[in-house]
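Visitor: Please model the complete structure; the sequences and the hints are all you need to start from.
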Amino acid sequence: MDVEDAAQDLRRRTLAKFERPLDRLIYLSSMRDYNSGVYYHDGLAASFTEDVACQAISECHSEAFRDLLGSSLKELVSQLEGYLSATRTSPAVFLTVWKRLEPYRVAVPVGTDTLSSELLFSNLKVAMAILEENLTSRSTGQQAA
Amino acid sequence: MIQLILFLAVGALLLSSLFLFAGRLVQPKAGEKEIFDARRALSSLRTELLQPDIVARIFATEDLDYVNSSTSEEIRRMFLAERKRVALLWVRYLRRNILSLRRFHLGSVRHHAQLRFRTEVTLAVEFAILLFACRALEIILWIRGPYVAPKIVRAATAGAARVCEISERSLGFFGPGSATPLGKPSAGNHATL
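In order, the protein sequence lines correspond to chains W and V.
For what it's worth, the numbering used here labels the leading residue of the first sequence as 1, then goes sequentially.
For what it's worth, the numbering used here labels the leading residue of the second sequence as 1, then goes sequentially.
If you're looking for bench data, these hints aren't it; they were derived computationally from the structure.
Glycine included, C-beta positions come from ideal geometry on N, C-alpha and C.
Worth double-checking, as some hints may not be accurate.
What the hints assert, rightly or not - Facing chain V, according to a computed beta carbon distance under 10 Å, are these residues of chain W, among others:
#1 V52
#2 D113
#3 L115
#4 S122
#5 L135
Unchecked claim - Derived DSSO-like pairs (lysine-lysine); straight-line CA-CA distance at most 30 Å:
#6 K74(W) - K33(V)
#7 K17(W) - K99(W)
#8 K99(W) - K74(W)
#9 K125(W) - K99(W)
#10 K74(W) - K17(W)
#11 K84(V) - K151(V)
#12 K125(W) - K17(W)
#13 K151(V) - K99(W)
#14 K125(W) - K33(V)
#15 K84(V) - K125(W)
#16 K125(W) - K74(W)
#17 K151(V) - K125(W)
Guide: Here's what the structure looks like:
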């Protein structure tokens with residue numbers, strides 16, 4: 001019950017600001033310690049306990065992953081573009097870094113099955129290629145105008 | 001003298017009890033590995049491979065339509081190659097888990113669960129058709145890509161779901177271990193396309 005309350009609290013207060021599942025996934029994965037796999041959130045831990053907060057974040061993380069996995073390719077391209085705008089990074093830099101480092105690979109929840117991960121990585125790879133093509137064609141169009 | 005005989009008798013009794021107990025501990029339990037593998041396969045099928053949303057996403061034609069209408073030929077080729085890779089991964093995992101369930105049925109269930117002859121025959125036929133469908137699907141996916149055989153995909157997922165149901169009942173016979181160790185619901189997970 002506590003975990004569900006904490007998850008609701010997290011969804012209402014924090015995650016409501018992130019409309020896109022991709023943003024939620026990246027945000028929630030950033031709360032996880034890479035070595036221990038434990039999630040930390042001071043505010044949530046203060047209202048509940050560290051253990052409950054960790055479980056609640058883990059639940060929301062899995063939820064974000066499922067939402068993103070269920071997104072169509074078109075939605076994924078749109079989410080990537082939205083995320084790119086939110087980061088205020090140069091599109092060229094963003095796409096180069098994401099293609100090389102593939103940071104989304106460390107953003108999946110622990111215990112995610114291989115097939116689901118591979119499906120998401122594959123979709124993100126294609127979505128990035130589409131986004132790059134769209135951005136190139138837009139900038140070419142602007143230059144021509 | 002009587003005391004010595006008594007001591008020897010008690011000693012012999014204790015020794016034989018110890019041998020009996022040790023024998024029970026080291027005696028291999030028949031089909032334990034098959035049961036473990038079958039439980040894992042069942043869990044994998046229920047929670048991953050037969051999940052309707054995952055199967056639907058892999059073979060979703062809306063993604064193909066989007067790529068066909070909005071992207072270049074290069075992206076289209078890349079998308080088809082990626083989707084083919086994931087679809088092949090799916091069918092290989094499916095086949096591997098079905099094989100694991102078949103091994104369990106061939107090895108253990110005959111001795112323990114006492115399936116009725118008719119159920120055994122039905123199951124054997126089901127396994128044969130399913131494994132053939134998986135292999136055929138793998139070849140088709142390899143040659144023609146992920147969007148040409150939706151009927152075989154549907155047939156394979158439906159067949160796998162039936163085999164899962166029967167295996168779940170059989171595994172239930174083997175006691176406390178859950179057939180779905182990850183705690184996911186086991187009912188109503190049949191994939192539909």
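Visitor: If you check each hint against the structure, which ones fail?
Guide: 1, 5, 6, 13 and 14
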